[in-house]
Amino acid sequence: MIHFDIAEVEGESDHFLNVMGQVGLVFLMFGIGLETRLSELLDIGRTALIVALFSIAVPFLGGFLVYFLFGSDSNTAVMVGTALFASSTTITVNLLSYYQLTDTQEGKTVIGISIVVDILCLILLAVVTNLVSPVHGHAWWMNILIILVFIVAVFAAMAHLRHKAAHRSDLLDRFCSAVPRPGSEWFVLACLVCFGLTACSYLVGLSGIVGAFLAGMFFAEYEAASRIREQFDTLTRFLLPFFFIYVGLRLHFDVMGLNALLMAAVLVVVALATKYVGAYAGCRVCRMEKSQANFTAICTLARGDIAIIVATLAHEIGLFSTNLYAAVIIMAVFTQILVPIIMRRAGIPGQASP
Amino acid sequence: MEEIGYLMVQIFLLLFLAESLGMLLKKAKIPEMVGYILAGIIFINLTIFVPLSAV
Chain A
18 MIHFDIAEVE
28 GESDHFLNVM
38 GQVGLVFLMF
48 GIGLETRLSE
58 LLDIGRTALI
68 VALFSIAVPF
78 LGGFLVYFLF
88 GSDSNTAVMV
98 GTALFASSTT
108 ITVNLLSYYQ
118 LTDTQEGKTV
128 IGISIVVDIL
138 CLILLAVVTN
148 LVSPVHGHAW
158 WMNILIILVF
168 IVAVFAAMAH
178 LRHKAAHRSD
188 LLDRFCSAVP
198 RPGSEWFVLA
208 CLVCFGLTAC
218 SYLVGLSGIV
228 GAFLAGMFFA
238 EYEAASRIRE
248 QFDTLTRFLL
258 PFFFIYVGLR
268 LHFDVMGLNA
278 LLMAAVLVVV
288 ALATKYVGAY
298 AGCRVCRMEK
308 SQANFTAICT
318 LARGDIAIIV
328 ATLAHEIGLF
338 STNLYAAVII
348 MAVFTQILVP
358 IIMRRAGIPG
368 QASP
Chain B
272 MEEIGYLMVQ
282 IFLLLFLAES
292 LGMLLKKAKI
302 PEMVGYILAG
312 IIFINLTIFV
322 PLSAV
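Line order of the protein sequences matches chains A and B. So the first sequence is numbered by our numbering: it starts at 18 and just counts up by one. So the second sequence is numbered by our numbering: it starts at 272 and just counts up by one.
Certain hints may be false.
[Said to hold, decoys possible] Covered, in the sense of this in silico footprint (three residues per stretch, anywhere, with C-beta under 8 Å from a C-beta of chain A), are these stretches of chain B:
1. 286-299
2. 305-316
[What the hints assert, rightly or not] Residues from chain A that keep clear of chain B, each with C-beta distances beyond 12 Å, as calculated:
3. Leu66
4. Leu141
5. Val210
Honestly, the hints are just simulated from the structure, not real lab data. Here a beta-carbon is modelled for each residue, glycine too, at the ideal position from N, C-alpha and C.
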């Protein structure tokens, strides 16, 4: 059942504004996937993995320690750490797209890292929620196995298509040559693959945007990619604002006390500082230059959906008080507002090289 | 007015507010998305709208 009432959005993840926004996100990530070739993602695989591990570990420890030292029980502290470790790929990609940095080497590295962080976060989320509350995801090791099999299968299919594309003899190429002026046929095919992989992604317990990104990568090897991109851009432009509006609609000040605002202030500082330190350290371990490490670290500062999901789950099982729940939501929203401002202050838009 | 009519008015006003704020912030060289989020915050906290069930 989809909810339509704008004045009643709290706790309604199936609200129509959220549904439209989520479809916009899917199109956005599909478009980014269209610009990312498999070889490019594999090139940065090791770097992305190391940076992702650092940028997950430091915020988790930061959140855990702050709440544990303030006297919370260890389970609550674990969930606070979990809410802090996930970056918002959506915000990162949207900002890079806004500043026209998705085509740059630095931009592609950041997107690769964000995707790896997203996958690792969802795997860790399955583990942590099981440890804290065994009711949720009792077969967590099975979930992890399914996610890994799904990712390996998609990459294997992509590598197979890439090999076929080199010999120009596969089904898509025949389809391409049969359509003299790629138009709606390509768009329909792209939509089917996009929503198909997004649905599969949800089914295996991953975020839908990972599937959409992978679907985009399927078409990246083909000449029609730029035309498909143009067709998706219009839809993305219309639908994406709904996602951000919905984020704002979650912040109803009536249900928040002063404690929530104080907690949120602490969380925002811890979230930004630990994510920056973690990502920067990871980049430096991978021998990135200081300017590129700074660029990458700042781009990954925003929190989003996963923090809100963790807060909702922890609130439902009684680990988070209403104030702490509200504080995490404020933290997620405010980091999304602050990161573009920090990026501009740091002169990020002018830093990347083509 | 039927419920669908109220819904359309709400969507129009919400989008108008979001796009206006987005354009204002874009002029200040801040991404439009910040304007959209702020529009959502302003919208829900000014209680411009009552729930449809109360109409």
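The hints, checked one at a time:
no., hint, result
1, 286-299, "holds (count 4)"
2, 305-316, "holds (count 11)"
3, Leu66, "28 Å, holds"
4, Leu141, "27 Å, holds"
5, Val210, "27 Å, holds"
Hint compliance for this structure: every hint is met.
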